[in-house]
Amino acid sequence: MRRRTLSYLGDHKMEGALVLSEEIERCFAELQAEARFMACYEKYALDFDEEGYPVIRECSDLTFQSEDLRSIFAGCKSVCVLASTLGIEFERYSKRVMSMDMSHGVVLDAAASAYLEGMTDAYEADLALGAHTIRFAPGYGDLDLSYNAVLLRAINADKRIGISHTGGGLFLPQKSMLGLIGIGGEDGFTADRCKNCRKRDDCGFRKAGRTCYQRDEDTK
Amino acid sequence: MSNNGKDKLRERLNRDLLLFDGGMGTQLQNAGLKAGQIPEELNITNPDLITDVHRRYLEAGADFITLNTFGCNRLKMADARFSVSEMISAAIENARRAQKICNREEDSYIVLDVGPIGTMLKPLGTLPFDEACEIIAEQITAAGDKVDAILFETMTDVYEVKAGILTAREHTDVPVFTTMTFDESGRTLTGTNVETFVNIVESLGVDMLGVNCSLGPKELEPIIEDLLQYAHIPVMAQPNAGLPNFRHGETVYELTPDAFAADLIPFMENGLAACGGCCGTTPDFIKELYAHRPGSVKPRQNPYITKVSSPTRTVRFDGHVIVCGERLNPTGKKKMQKALLENRLDEVIAEGIRQEDAGAEVLDVNVGLPGIDEAKMMEKLVPMLQEVISLPLQLDSSSAEALEKACRIYNGRPLINSVNAKPAVMEAVLPIVKKYGGVVIALTLEEEIPLLAEERVALAKRIIDRAGQEGIRREDVIVDCLTLTASAQQKEVAETLKAVRTVREMGHQTVLGVSNVSFGLPYRALLNRTFLSMAIDAGLTLPIMNPLDTQMMGCVDAANLLLNYDKDSTCYINKYANATDAGVSTTDAVNSGAGSAGNGGSAGNAAGAEATAFDLSYIIRRGMKNEASAATAKALESTDAMTLINDVMIPTLDQVGRDYENGKIFLPQLIQAAETTKIAFEVVQETFTASDDKKGPVIICTVEGDIHDIGKNIVKVVLESYGYDMIDLGKDVKVDEVVEACKKIGPKAIGLSALMTTTVVNMQKTIDALHAAGISVPVFVGGAVLTQEIADEIGADYYAADAMGTVRLLDGIIV
Numbered sequence: 001m002r003r004r005t006l007s008y009l010g011d012h013k014m015e016g017a018l019v020l021s022e023e024i025e026r027c028f029a030e031l032q033a034e035a036r037f038m039a040c041y042e043k044y045a046l047d048f049d050e051e052g053y054p055v056i057r058e059c060s061d062l063t064f065q066s067e068d069l070r071s072i073f074a075g076c077k078s079v080c081v082l083a084s085t086l087g088i089e090f091e092r093y094s095k096r097v098m099s100m101d102m103s104h105g106v107v108l109d110a111a112a113s114a115y116l117e118g119m120t121d122a123y124e125a126d127l128a129l130g131a132h133t134i135r136f137a138p139g140y141g142d143l144d145l146s147y148n149a150v151l152l153r154a155i156n157a158d159k160r161i162g163i164s165h166t167g168g169g170l171f172l173p174q175k176s177m178l179g180l181i182g183i184g185g186e187d188g189f190t191a192d193r194c195k196n197c198r199k200r201d202d203c204g205f206r207k208a209g210r211t212c213y214q215r216d217e218d219t220k
Numbered sequence: 001m002s003n004n005g006k007d008k009l010r011e012r013l014n015r016d017l018l019l020f021d022g023g024m025g026t027q028l029q030n031a032g033l034k035a036g037q038i039p040e041e042l043n044i045t046n047p048d049l050i051t052d053v054h055r056r057y058l059e060a061g062a063d064f065i066t067l068n069t070f071g072c073n074r075l076k077m078a079d080a081r082f083s084v085s086e087m088i089s090a091a092i093e094n095a096r097r098a099q100k101i102c103n104r105e106e107d108s109y110i111v112l113d114v115g116p117i118g119t120m121l122k123p124l125g126t127l128p129f130d131e132a133c134e135i136i137a138e139q140i141t142a143a144g145d146k147v148d149a150i151l152f153e154t155m156t157d158v159y160e161v162k163a164g165i166l167t168a169r170e171h172t173d174v175p176v177f178t179t180m181t182f183d184e185s186g187r188t189l190t191g192t193n194v195e196t197f198v199n200i201v202e203s204l205g206v207d208m209l210g211v212n213c214s215l216g217p218k219e220l221e222p223i224i225e226d227l228l229q230y231a232h233i234p235v236m237a238q239p240n241a242g243l244p245n246f247r248h249g250e251t252v253y254e255l256t257p258d259a260f261a262a263d264l265i266p267f268m269e270n271g272l273a274a275c276g277g278c279c280g281t282t283p284d285f286i287k288e289l290y291a292h293r294p295g296s297v298k299p300r301q302n303p304y305i306t307k308v309s310s311p312t313r314t315v316r317f318d319g320h321v322i323v324c325g326e327r328l329n330p331t332g333k334k335k336m337q338k339a340l341l342e343n344r345l346d347e348v349i350a351e352g353i354r355q356e357d358a359g360a361e362v363l364d365v366n367v368g369l370p371g372i373d374e375a376k377m378m379e380k381l382v383p384m385l386q387e388v389i390s391l392p393l394q395l396d397s398s399s400a401e402a403l404e405k406a407c408r409i410y411n412g413r414p415l416i417n418s419v420n421a422k423p424a425v426m427e428a429v430l431p432i433v434k435k436y437g438g439v440v441i442a443l444t445l446e447e448e449i450p451l452l453a454e455e456r457v458a459l460a461k462r463i464i465d466r467a468g469q470e471g472i473r474r475e476d477v478i479v480d481c482l483t484l485t486a487s488a489q490q491k492e493v494a495e496t497l498k499a500v501r502t503v504r505e506m507g508h509q510t511v512l513g514v515s516n517v518s519f520g521l522p523y524r525a526l527l528n529r530t531f532l533s534m535a536i537d538a539g540l541t542l543p544i545m546n547p548l549d550t551q552m553m554g555c556v557d558a559a560n561l562l563l564n565y566d567k568d569s570t571c572y573i574n575k576y577a578n579a580t581d582a583g584v585s586t587t588d589a590v591n592s593g594a595g596s597a598g599n600g601g602s603a604g605n606a607a608g609a610e611a612t613a614f615d616l617s618y619i620i621r622r623g624m625k626n627e628a629s630a631a632t633a634k635a636l637e638s639t640d641a642m643t644l645i646n647d648v649m650i651p652t653l654d655q656v657g658r659d660y661e662n663g664k665i666f667l668p669q670l671i672q673a674a675e676t677t678k679i680a681f682e683v684v685q686e687t688f689t690a691s692d693d694k695k696g697p698v699i700i701c702t703v704e705g706d707i708h709d710i711g712k713n714i715v716k717v718v719l720e721s722y723g724y725d726m727i728d729l730g731k732d733v734k735v736d737e738v739v740e741a742c743k744k745i746g747p748k749a750i751g752l753s754a755l756m757t758t759t760v761v762n763m764q765k766t767i768d769a770l771h772a773a774g775i776s777v778p779v780f781v782g783g784a785v786l787t788q789e790i791a792d793e794i795g796a797d798y799y800a801a802d803a804m805g806t807v808r809l810l811d812g813i814i815v
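Taken in sequence, the protein lines are chains A and B.
Be aware that the first sequence starts at 1, since it is given in the working numbering, and climbs by one per residue.
Be aware that the second sequence starts at 1, since it is given in the working numbering, and climbs by one per residue.
Keep in mind the hints are simulated off the structure, nothing from the lab.
By construction, the Cβ of each residue, glycine as well, lies at the ideal position given by its N, Cα and C atoms.
Warning: the hint list may mix true and false statements.
Unchecked claim - Some chain B residues close to chain A (C-beta under 8 Å, calculated; not the full set):
id, residue
1, 126
2, 451
3, 452
Unchecked claim - From the structure, some residues in chain B lie toward chain A, with a derived Cβ separation under 7 Å:
id, residue
4, 125
5, 639
6, 667
7, 671
Unchecked claim - The list that follows gives simulated cross-link-like pairs (lysine to any residue, SDA-like), each with its CA atoms no further than 25 Å apart:
id, chain 1, residue 1, chain 2, residue 2
8, B, 34, A, 48
9, B, 380, B, 740
10, B, 625, A, 104
11, B, 435, B, 218
12, B, 122, A, 150
13, B, 333, B, 563
14, B, 765, A, 62
15, A, 95, B, 709
16, A, 207, B, 662
17, B, 122, A, 48
18, A, 207, B, 799
19, B, 218, A, 167
20, A, 95, B, 725
21, B, 122, A, 207
22, B, 122, A, 113
23, B, 287, B, 169
24, B, 422, B, 485
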């Protein structure tokens, strides 16, 4: 989570590890105290239409018009839709920090994103999904952001863990995420995972020889 | 429903234990409803199915039929094939058919079910409060008088619940029930605990409140116990059929009907007025409850304590001394006046946070100032304060219109400041207090302040009686016996204290604006704290004072210990374990004026002494914010202001900017340096006489629909550090608001920020509207998804990639 925090601050090469380490530790202590990590998921059988796009029949034939998902989910039998959040109270806390101490606020914001990612990784690992793909989220690659609204409704994330969205597809609370994990097949997306990504040519992760979907080795 | 029917239902609520039905969603899923399908459409496409579910619940013994209208609002039904009104009408028809089939038209009740709207209200979300009310009004109007009650359920945000209750009260007089969902922590997902929920919704005048969904009956025990302990009105519970388990990819509830009933029976016998089931429960569960229900509701006698609430905190007037922070009031405070007039509300909010951190339990909010539309400003400022401050607010205005707007937008149960004994004022203010469920401060004056204590007490009684006629409890009136100025009315100071003592003996809470006592006299802090101690002894429970004055706070902390409210002296010891007499005496010099902030003396002095060891350039580079003021003042002793800006501050900042761009330092350090320079700038500015020392003004905001404001805030602070006069309109700013602000302020440039592709559209709309209004000020745009190409496409004049880029850009276009 520490490495990821530095990445989110734009420091993909980890050069600030030393000078910021104390402040980042302080942020994680605040996250332990103020954030309320919650997650929920649903599993659905996966089907494919005649062009090979993945379809969830149980969700009124929800079809994913995405080249990325077509290759990632190729051969998968089912899909896990997983949502997670740090809760709305943390939102209030971080806004308060931001209004009194902005420099600390931006580190806390980056740490919160990393914390959410790390906690969600751990939650996903506990599900013991067996052979599965990476967790892929609307808004990445060519998977449209508008799937967020449909999928949140399908898994009832509002009622279960309090994630809603604005008309524009933004999550509320802002520190929330939703991902799709293909189950029962090999990850067919091995060639160039970034090829459909809008940020491809201007990506700090890639410039530092890393990727945004890479898991952290440090799970602390 | 006839008036007779409504009254009868209300009467039954306190007498007979009534049963709700169980889960609807589970029943529909069992009948083949798919995830993502719209259940409310079934009211029209499969009325027999819905009627049959109602029939089975009625046959099981339910008294209430909850309509299949949980998500039937225009937001959630955007993709539905029928209108909200059509689906609600069909739902009512289905319920009526079921009543007829069961021959229960006379002794069962149809309840309009209203679930969460589906998005979050401002300020944490984007839905305006009044729009939430409109959405709910559509549902209520569609049902009209064809339902016997309205149930707001499964909501997790008490603000949405408030919108629901107010709207129901404005459109109908059928009974209103409200349940929220709570988790094991005893709070809703937005952080409201049971006591706070009860305090807010009870004051808004619901007929029954309770808990639904969330957990099984066993896990809900502490929640139900709290509800029964705090509420003074009927309480209901609709638990799930235990905790959900996942089997073979499906969510299943495994509690049996008899186990479910066994867990609820003790509560049915001890005060619940109604119960039923939520997710996973079936007619068998209701049948089991029916078999065990006691004939009547056990009466409860909970004591009534005056309480005010924010969404996450409730302050009880249990006798302890409660500090109300006085500093959000422009009277006599030039900085606050300037902040309000120039719309620099972040400075006002920071003052609020400082008071909360200093130990205030309530904050007074007053924006009365010539040139300010008080009602509008209250509507704007109150949500902004509540976004970051968890304390209940005291809404303070002499304008009934401003009070009404503030009470409406306020999230929670407010303290209202104030009403007095003038008949016209009572007539204008007390209905607002009643409608919005406030606690009100009663000023003991009519045309003027009576000199004698007895006269003030008589006025207090008159206001309390008049409030009673309006339906306001006597406990919800807090009496202000009015502090007079010792310099002008020395002998009347004792009359105030005498009146406080009498009012307190009558059982009322009391409030005083403490520092009024010392106007016009030297060493005001000494008089203030002495008067505070005397007033507390006389029975003052709510001093309105400066919580940043450490001496006065010390008096309050000591009083709460000595009066046995600070149990085992815990708070006192935590706060003062390391305090010494020497430390206390240092602050006297600092706090010589009533309005001055006590800096905790020794720490402030130490910082000042240390600052002389570093030069300003070093302090900026290292982001040593605490040392910036003293170092700047020191530098100004030997350097003139312009030289300091041009030869020290700007070059240092430039160096910091280059270091950031070259990866030698990182974003937090850049911001720290900028914030430090901003403080230095404020000190330098005090030496200027003209106001043309700043560059700008520059308007900046995040566009409508977008609530991400970190990037915008960073750009703002960096520009401020370079001496730009920044007017920040905030986030999710409506197109018209930007145009209006530009017309009013006449900026040199306008900066718009958007983070998502979906909100770039609103950026374009804003630019179009500015052009349409004939505003030709340069517009620069920025945000994660913006590029030069997009900026060109949407008609922006400039693209700013980051904070340092924006500085270079503005230095080029603003001369």
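Fill in: Pair hint residue 625 of chain B and residue 104 of chain A, alpha-carbon separation not exceeding 25 Å
OK: residue 625 of chain B and residue 104 of chain A at ~12 Å, within 25 Å.
Worksheet item: Within a Cα-Cα threshold of 25 Å, do residue 122 of chain B and residue 150 of chain A meet the stated pairing?
Response: The hint holds at about 22 Å.
Fill in: Distance restraint between residue 122 of chain B and residue 48 of chain A, which requires alpha-carbon spacing of 25 Å or less
violated (40 Å)
Fill in: Given pair status - residue 563 of chain B, residue 333 of chain B, alpha carbons within 25 Å
Outside the cut-off at roughly 34 Å; violated.
Fill in: Hinted pair residue 765 of chain B and residue 62 of chain A, Cα distance within 25 Å
Violated. Residue 765 of chain B to residue 62 of chain A sits at ~32 Å, over the 25 Å cutoff.
Practice prompt. Given the hint that residue 207 of chain A pairs with residue 799 of chain B, test it: the Cα-Cα distance must not exceed 25 Å.
Written response: holds (23 Å)
Worksheet item: Under the criterion of a CB-CB separation shorter than 8 Å, is residue 451 of chain B in contact with chain A as hinted?
Response: violated (45 Å)
Worksheet item: Straight-line Cα separation of residue 435 of chain B and residue 218 of chain B no greater than 25 Å?
Response: violated (36 Å)
Discussion item. Residue 452 of chain B was flagged as interface toward chain A. Is the shortest Cβ-Cβ separation under 8 Å?
Written reply: Result: violated, 46 Å to nearest chain A Cβ.
Worksheet item: Keeping to a limit of 25 Å between CA atoms, is the pair of residue 207 of chain A and residue 662 of chain B held or broken?
Response: holds (15 Å)
Fill in: Given pair status - residue 113 of chain A, residue 122 of chain B, alpha carbons within 25 Å
holds (22 Å)
Worksheet item: Should the hint that residue 126 of chain B touches chain A count as held when the rule is a Cβ pair under 8 Å?
Response: Cβ of residue 126 of chain B sits 5 Å from chain A, so the hint holds.
The structure fails hints 2, 3, 5, 11, 13, 14, 17, 19, 21, 23 (numbered hints given earlier, in ascending order).
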